[in-house]
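Asker: Sequence:
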Amino acid sequence: MNSKGRFYERWMQNERLAEVLRNQQSGNTEHDVLQHCIKETFTLPLFADMPSPPPPTGEVEDKCFMLPIPKSGYPFDVALRIIGPRGSTVKAVQGATGCKIVLYRGNPDLVRVHISATDYANIAAWRIEQAKRLIMALVEIPQAGQDTIKKLQLAELAVYKGTFTNRLKPPNIPQNNSRFVGNASRGKQQYSQSAIFKETNGMRRRFH
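In terms of the UniProt record's numbering, the sequence shown opens at residue 1 and continues consecutively.
These are computed hints drawn from the structure, not numbers from a lab.
Be a bit skeptical, because a hint or two may be false.
[What the hints assert, rightly or not] Within a straight-line C-alpha distance of at most 27 Å, the following computed DSSO-like cross-link-like pairs (lysine-lysine) qualify:
no., residue 1, residue 2
1, 100, 71
2, 132, 63
3, 151, 132
4, 71, 151
5, 63, 100
6, 132, 91
7, 39, 151
8, 132, 71
9, 91, 71
10, 100, 150
11, 63, 151
12, 91, 161
13, 150, 63
Required output: the full structure, derived from the provided sequences and hints.
Answerer: Here's what the structure looks like:
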């Protein structure tokens, strides 16, 4: 997908979320629908392509690792960055890796991240390595003006505070562009709340 396609997709995600939030204010939106839209809109890029675990070997074991991260030297609060709005970021790390993650902030100089997993020996070790990789990616200092993690976390926080608006300008896409179906208004209709609700129900059937 080219840059215009990615921008259009991001704009449509924001539009769908804004519509769901408007419906929620009128009492017409279910909690699961809103959570689905939040996850769709604010999933961080580093969670997009997670590798598959290796074939299992050995016995089932409990493994753990303590990852110390200095509090100084970062332009953000390390612990809050890892935790995310209402714990969404650390929950995403746990969901992507199958690890349990607990942060200890009592040390004045360090944030200690306790990572644990229970699985076949090699898979448990793999899960912990993936969790370490994601956490270190979260606290990697970005280039000036390119902090995607901060932007997405602040936008998600705005949803919870009730102040979210789609600040992206509507893309100027020719209607005969075969990569997109119709214009922006038709796209908004295609992703109405009822469509999202059907999609969410389909996810329930697959995972229960």
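Asker: All hints, please: hold or fail.
Answerer: Right, here's what the structure says about each hint:
1. 100 <-> 71: Cα-Cα ~22 Å, so holds.
2. 132 <-> 63: 13 Å, holds
3. 151 <-> 132: 22 Å, holds
4. 71 <-> 151: 21 Å, holds
5. 63 <-> 100: 11 Å, holds
6. 132 <-> 91: 14 Å, holds
7. 39 <-> 151: 15 Å, holds
8. 132 <-> 71: 17 Å, holds
9. 91 <-> 71: Holds: residue 91 and residue 71 sit about 21 Å apart, inside 27 Å.
10. 100 <-> 150: Since the Cα atoms of residue 100 and residue 150 sit roughly 23 Å apart, the hinted pair holds (cutoff 27 Å).
11. 63 <-> 151: Violated. Residue 63 to residue 151 sits at ~34 Å, over the 27 Å cutoff.
12. 91 <-> 161: 20 Å, holds
13. 150 <-> 63: Violated - the C-alpha atoms of residue 63 and residue 150 are around 31 Å apart, more than 27 Å.
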